[in-house]
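*Asks:* Sequence:
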Amino acid sequence: MKPIKLKALTLASAITIWEIVGRAKVFPPLIFPTVSGAILWGFNNWMRLIDATSYTLKLLTIALSLSTVTCFIIGTIAYINKDFRSSLEVLMAVFNPLPSISLLPFAILWFGFGENPIIFVTYFGSLWPFTYNIINGLTTIDKSLLEAGILLSDGDGWSLFRYIIFPLALPNIITGFRSAWGISWRSVVAAELVFGAVGMNGGIGWLVYACRFNLNPEGMVASIFCISIIDR
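Just so you know, we're using UniProt numbering here: the sequence shown kicks off at 1 and counts up by one.
One or more of the hints may lead you astray.
[As the list claims (entries may be wrong)] Cut-off 25 Å, straight-line C-alpha distance, at most; resulting in silico cross-link-like pairs (DMTMM-like, lysine to aspartate or glutamate): (1) K143 - D83; (2) K7 - E147; (3) K5 - E19; (4) K143 - E19; (5) K82 - E147; (6) K5 - D231; (7) K58 - D142; (8) K7 - E19; (9) K143 - E89; (10) K82 - E19.
These are calculated hints, taken from the structure and not from any lab test.
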């Protein structure tokens with residue numbers, strides 16, 4: 001069986017089993033809603049899902065844009081200056097494994113309640129893996145290709161960067177961006193869940209919390225489906 005067919009069959013089987021168990025009421029509907037119920041809730045409240053998702057994506061876009069600019073600046077300096085790169089490696093070793101959501105209490109103290117703490121937590125989470133991949137992409141460029149590029153560019157730094165350095169580093173940059181996107185998305189949703197507990201509203205993470213608070217399991221599942229789809 002082809003992998004894509006196997007994956008589709010696995011997904012269809014899981015959904016079918018979930019639906020059967022839900023309809024059989026093996027577990028209370030309050031803690032185990034049906035898939036059809038979640039889909040129906042999503043159709044009936046599609047504008048609410050879109051608004052919540054748009055708000056979360058807005059925060060993520062701000063944080064990821066700031067992170068991208070910062071990472072390229074830091075990565076370029078680290079590529080040029082080996083001492084700076086060595087110092088940065090220490091910081092990356094300390095902060096990269098740290099879940100950014102753990103800094104949320106400090107972010108609240110520094111920025112107060114609102115969007116800024118969420119943006120900071122999301123920014124911090126995406127900063128380190130993206131920076132690492134940019135530096136890795138720049139420092140692993142084949143020296144022979146780089147030397148050939150220097151000769152062909154005739155001392156033109158912009159041409160060297162545009163036609164040699166950037167294309168060769170691009171695969172690592174894309175990998176870093178994808179990693180930063182995934183971490184940022186999970187961080188912003190987690191931060192919204194925490195803020196939901198203290199009364200903030202707006203995003204898809206908050207919508208999950210609001211549905212739980214209102215004993216609406218179908219809404220929770222529909223929101224979680226939305227989170228999972230976007231994270232792909």
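*Asks:* Against each hint, give a clear statement of whether it holds in the structure.
*Replies:* Each hint, compared with the structure:
{"no.": "1", "hint": "K143 - D83", "in the structure": "holds (20 Å)"}
{"no.": "2", "hint": "K7 - E147", "in the structure": "violated (46 Å)"}
{"no.": "3", "hint": "K5 - E19", "in the structure": "holds (21 Å)"}
{"no.": "4", "hint": "K143 - E19", "in the structure": "violated (57 Å)"}
{"no.": "5", "hint": "K82 - E147", "in the structure": "holds (19 Å)"}
{"no.": "6", "hint": "K5 - D231", "in the structure": "holds (22 Å)"}
{"no.": "7", "hint": "K58 - D142", "in the structure": "violated (38 Å)"}
{"no.": "8", "hint": "K7 - E19", "in the structure": "holds (18 Å)"}
{"no.": "9", "hint": "K143 - E89", "in the structure": "holds (22 Å)"}
{"no.": "10", "hint": "K82 - E19", "in the structure": "violated (57 Å)"}
Checked against the numbered hints listed earlier, the structure breaks hints 2, 4, 7 and 10; every other hint is satisfied.
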